[in-house]
Each structure stands twice: as structure tokens, then as C-alpha cells.
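Protein chains: 2
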Amino acid sequence: MAKAKVFVTLKEGILDPQGQTVENALKNLGYNNVSNLRIGKYITLDIEGDNTKKELEEMSHKLLANPIIEDYQIEIEG
Amino acid sequence: MAKAKVFVTLKEGILDPQGQTVENALKNLGYNNVSNLRIGKYITLDIEGDNTKKELEEMSHKLLANPIIEDYQIEIEG
Numbered sequence: 002m003a004k005a006k007v008f009v010t011l012k013e014g015i016l017d018p019q020g021q022t023v024e025n026a027l028k029n030l031g032y033n034n035v036s037n038l039r040i041g042k043y044i045t046l047d048i049e050g051d052n053t054k055k056e057l058e059e060m061s062h063k064l065l066a067n068p069i070i071e072d073y074q075i076e077i078e079g
Numbered sequence: 002m003a004k005a006k007v008f009v010t011l012k013e014g015i016l017d018p019q020g021q022t023v024e025n026a027l028k029n030l031g032y033n034n035v036s037n038l039r040i041g042k043y044i045t046l047d048i049e050g051d052n053t054k055k056e057l058e059e060m061s062h063k064l065l066a067n068p069i070i071e072d073y074q075i076e077i078e079g
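Top to bottom, those sequences are chains B and H.
Start counting the first sequence at 2; every next residue gets the next number (our numbering).
Start counting the second sequence at 2; every next residue gets the next number (our numbering).
Please keep in mind that the hints were generated in silico from the structure rather than gathered at the bench.
Some hints here could point you the wrong way.
Copies of the same chain look alike in the list, so a pair counts if it works inside one copy or between any two.
Cross-link-like lysine-lysine pairs, in silico, PhoX-like; alpha carbons within 20 Å at most [as the list claims (entries may be wrong)]: (1) K28 x K6; (2) K28 x K55; (3) K55 x K4; (4) K4 x K42; (5) K28 x K12; (6) K28 x K54; (7) K42 x K54; (8) K54 x K4; (9) K12 x K42; (10) K28 x K4; (11) K28 x K63; (12) K54 x K6; (13) K6 x K42; (14) K6 x K63.
Here the structure is a predicted model, which means the values were calculated and not measured.
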């Protein structure tokens with residue numbers, strides 16, 4: 002059994018209103034040194050089998066991310 | 002200017018209905034080898050200054066995460 006992480010991020014150029022709102026809230030708290038804040042998804046899961054990398058690519062493309070507007074990055078640990 | 006990442010995850014024992022739904026959807030697609038799927042937030046930002054680690058801890062505790070039900074982990078790159 003392997004532990005896997007999938008990071009899903011909005012592609013560059015896609016607006017991130019949630020990130021912008023959080024960045025503005027941080028500035029209102031006095032953190033004016035923050036910029037370019039963006040919010041993605043951090044998905045962790047356990048996966049069994051011998052073909053985990055390929056399957057995780059498929060899952061990410063089909064369901065975990067929207068490949069039109071999002072990129073994903075997969076990490077598999079032992 | 003440093004690039005920082007903040008990973009926000011639900012604490013162990015806190016139910017994750019969104020993660021459960023995605024796990025069920027993967028199983029419906031035939032990926033029965035997946036378990037324990039959980040969805041957190043992956044926040045990226047740029048930050049200036051000399052006190053970034055401490056400030057990111059404060060931001061995470063005050064705003065980025067809800068410390069009652071969520072943990073966070075901070076990574077700062079160069």
C-alpha cells in the first residue's frame with residue numbers, strides 16, 4: 002500500500018477569487034508583504050497495486066482535477 | 002521575496018464528507034484500490050521580509066486554517 006498526494010492548482014492566468022479574498026483579508030490584518038496568494042487542493046489517499054502512478058494520472062485527469070483550468074502534480078511515497 | 006506553501010488538512014478523526022464523496026466516485030469509476038482519501042487546501046503565496054516563518058505561522062493560525070479542526074504545515078522556499 003502506498004500513500005499518495007495530489008496537488009491540484011489553478012492554471013496560470015485563471016482568476017482565483019477565493020485566493021484574492023484571502024489575500025485581501027491578510028492585508029486587512031496588516032500583512033501587506035503578501036502577494037500572489039492562490040488556493041488549490043491537497044488530496045491525500047492510500048492506494049494499493051502495482052500501477053499506482055498511471056492510475057493516479059487517470060484519476061487526476063478524470064475526476065480530481067478539471068484539466069481545462071487546473072494542473073495537477075502527483076507524489077507517491079513508498 | 003520568498004515563495005511559501007501552506008498545507009491545511011483536517012485533523013485526524015474529523016469527518017471529511019467531500020473526501021468521502023470523491024473516494025466513492027473513484028470507486029464507481031472502478032478504482033477500488035483507493036482508501037482514506039482526504040481533501041485539504043494547498044495555499045501558495047509570495048512573501049517579503051525577514052520574519053516570514055513567524056508571520057506565516059500567525060497567518061495560518063488566525064486565518065488560513067481553523068485550528069480547532071485543521072492542522073497546517075508551512076514550507077518556505079528560498
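Each hint, compared with the structure:
| no. | hint | result |
| --- | --- | --- |
| 1 | K28 x K6 | between (30 Å within a copy, 18 Å between copies) |
| 2 | K28 x K55 | between (41 Å within a copy, 16 Å between copies) |
| 3 | K55 x K4 | within (15 Å within a copy, 30 Å between copies) |
| 4 | K4 x K42 | both (17 Å within a copy, 18 Å between copies) |
| 5 | K28 x K12 | neither (24 Å within a copy, 27 Å between copies) |
| 6 | K28 x K54 | between (40 Å within a copy, 17 Å between copies) |
| 7 | K42 x K54 | within (19 Å within a copy, 22 Å between copies) |
| 8 | K54 x K4 | within (11 Å within a copy, 28 Å between copies) |
| 9 | K12 x K42 | both (13 Å within a copy, 16 Å between copies) |
| 10 | K28 x K4 | between (36 Å within a copy, 17 Å between copies) |
| 11 | K28 x K63 | between (37 Å within a copy, 13 Å between copies) |
| 12 | K54 x K6 | within (11 Å within a copy, 24 Å between copies) |
| 13 | K6 x K42 | both (10 Å within a copy, 12 Å between copies) |
| 14 | K6 x K63 | within (16 Å within a copy, 26 Å between copies) |
The structure fails to meet hint 5 from the earlier list, while all remaining hints are met.
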